[in-house]
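Colleague: Sequence:
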Amino acid sequence: MRNELKALEDTILEKLSTSENPVDDIELINALEASKAKSTEIKVKMQAAEQTEKDIDATRSEYVPVAVNTQILFFCVSDLANVDPMYQYSLEWFTNIFLSSVQSAPRADVLDKRIKNINEYFTFNLYCNVCRSLFEKHKLLFAFLLTVRILMNQQRIQMFSYVLACLCEKTYNRCC
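Numbering (UniProt numbering), first residue to last: 1 to 176.
What the hints contain is simulated information worked out from the structure, not anything from laboratory work.
Each hint can be trusted.
Pairs of lysine-lysine residues, derived as DSS-like cross-links and limited to a Cα-Cα distance of at most 30 Å, are as follows:
#1 K38 <-> K6
#2 K116 <-> K54
#3 K38 <-> K54
#4 K6 <-> K54
#5 K15 <-> K38
DEER-style ranges, computed between Cβ atoms:
#6 A81 <-> R107: 31 to 41 Å
#7 S104 <-> N30: 55 to 65 Å
#8 R156 <-> K38: 54 to 64 Å
#9 L13 <-> D55: 34 to 44 Å
#10 R60 <-> T18: 45 to 55 Å
#11 V110 <-> Q51: 17 to 27 Å
#12 I26 <-> L5: 19 to 29 Å
#13 R2 <-> R107: 37 to 47 Å
#14 E120 <-> F75: 13 to 23 Å
Cβ coordinates follow ideal geometry from the N, Cα and C atoms, glycine included.
I would like the entire structure built from these sequences, with the hints used as guidance.
Modeller: Rendered as structure tokens:
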């Protein structure tokens, strides 16, 4: 759009510089009228595009809790490689589960409820899909990891308390 406007300006400037009598030059007058109409059209389109961009940004910012939850779950799944190197999952696999969860999560009229539905549905769906590939002895560990990370994000437990609770009494006494 801006390129079109620039081209029209260049055409008008060229005609103005080459015209001997700008008032009587029909081509120049027609170019000015076309430029004015095109300029108005482009300004309207640019205002609409700016409003659309603002709307998209506002909607995107409302879904930040979904993004935060999703990144927490992604890193939980990634950390499984520390438990056993064969537990490695691709970003594409993770993304496909996320997209299917967003589409399958129950709809809601209230945004907060929709966000809650997406987060809960995705967490459960991811847990079920990951557990299919885990050894039985690692399923509880994965559930614990998910729970702790989610609770830390919700600030229902603190990292320091979590670490202290996991230390045996002897190690705790040495540290504190």
